[in-house]
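Keeping their order, the protein sequence lines are chains P and F.
Just so we're aligned: 36 in the numbering used here is position 36 of the first sequence, and the numbers increase by one with no gaps anywhere.
Just so we're aligned: 100 in the numbering used here is position 100 of the second sequence, and the numbers increase by one with no gaps anywhere.
By construction, these hints were calculated from the structure, which means they are not laboratory data.
Mixed in with the good hints, there may be bad ones.
Said to hold, decoys possible - Keeping only pairs whose Cα atoms sit at most 30 Å apart, straight-line, the calculated DSSO-like set for lysine-lysine is: (1) 63(P) x 40(F); (2) 19(F) x 67(F); (3) 40(F) x 9(F); (4) 22(F) x 42(P); (5) 41(F) x 69(P); (6) 108(P) x 79(P).
What the hints assert, rightly or not - Short derived list, chain F residues pointing at chain P, Cβ under 8 Å: (7) 41; (8) 43; (9) 48; (10) 87; (11) 90; (12) 103; (13) 104.
Yeah, the Cβ is synthetic: ideal placement off N, Cα and C, and Gly gets one too.
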Amino acid sequence: EDQVTQSPEALRLQEGESSSLNCSYTVSGLRGLFWYRQDPGKGPEFLFTLYSAGEEKEKERLKATLTKKESFLHITAPKPEDSATYLCAVRMNYGGSQGNLIFGKGTKLSV
Amino acid sequence: DTAVSQTPKYLVTQMGNDKSIKCEQNLGHDTMYWYKQDSKKFLKIMFSYNNKELIINETVPNRFSPKSPDKAHLNLHINSLELGDSAVYFCASSQSSGGYFEQYFGPGTRLTVT
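Looking at chain P on its own, in the form it has when it is part of the complex (with noise of 0.2 Å):
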């Protein structure tokens, strides 16, 4: 069964203390991995998108890397405007054009 595991549930850091959030998955016919933030009440917020393994993307204190099997999201001297939960997901392609993702259950980041 297609599976996106995402760990630790739950992480604490100080400010300015740098951390990495881990999204394993276990998927076939992976056409992409997605990362979202999602804030008390609101609705996930896209981050980044990584296609292939080697592939990186950045975006201020935030950057997500991506192998065969897993993707890191790496938090450089987090501050607190960075607490939130962060969701990945993981889109297949499977009959459908649209290719529907499923969603780990997420790490709820405090800093």
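Starting from the structure of chain P, add chain F where the hints point.
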């Protein structure tokens, strides 16, 4: 301008009622989605729809039905509401052409069934 909007923001209703949630996107996307986020914050796809096909997650009860009056709107109708339907429902949209499938989400509708 809000890219993906939903109404209402909150919906409280009794078991057995029928209700609808509206979604509109002004991004010019050709595909829209409905997701359910349960009390444990797990986000799960319910439907995806463009003008060519509707894909339904097989776990979604047939009391739920999406209706699209046009490309910019995808409404969610729910019949005979049950307590277990209480959740936050998110609408999203994406562009299926061009090889990019980033989905952009609305603010969510918190449905409470009493």
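Those earlier numbered hints the structure runs against, lowest number first
10
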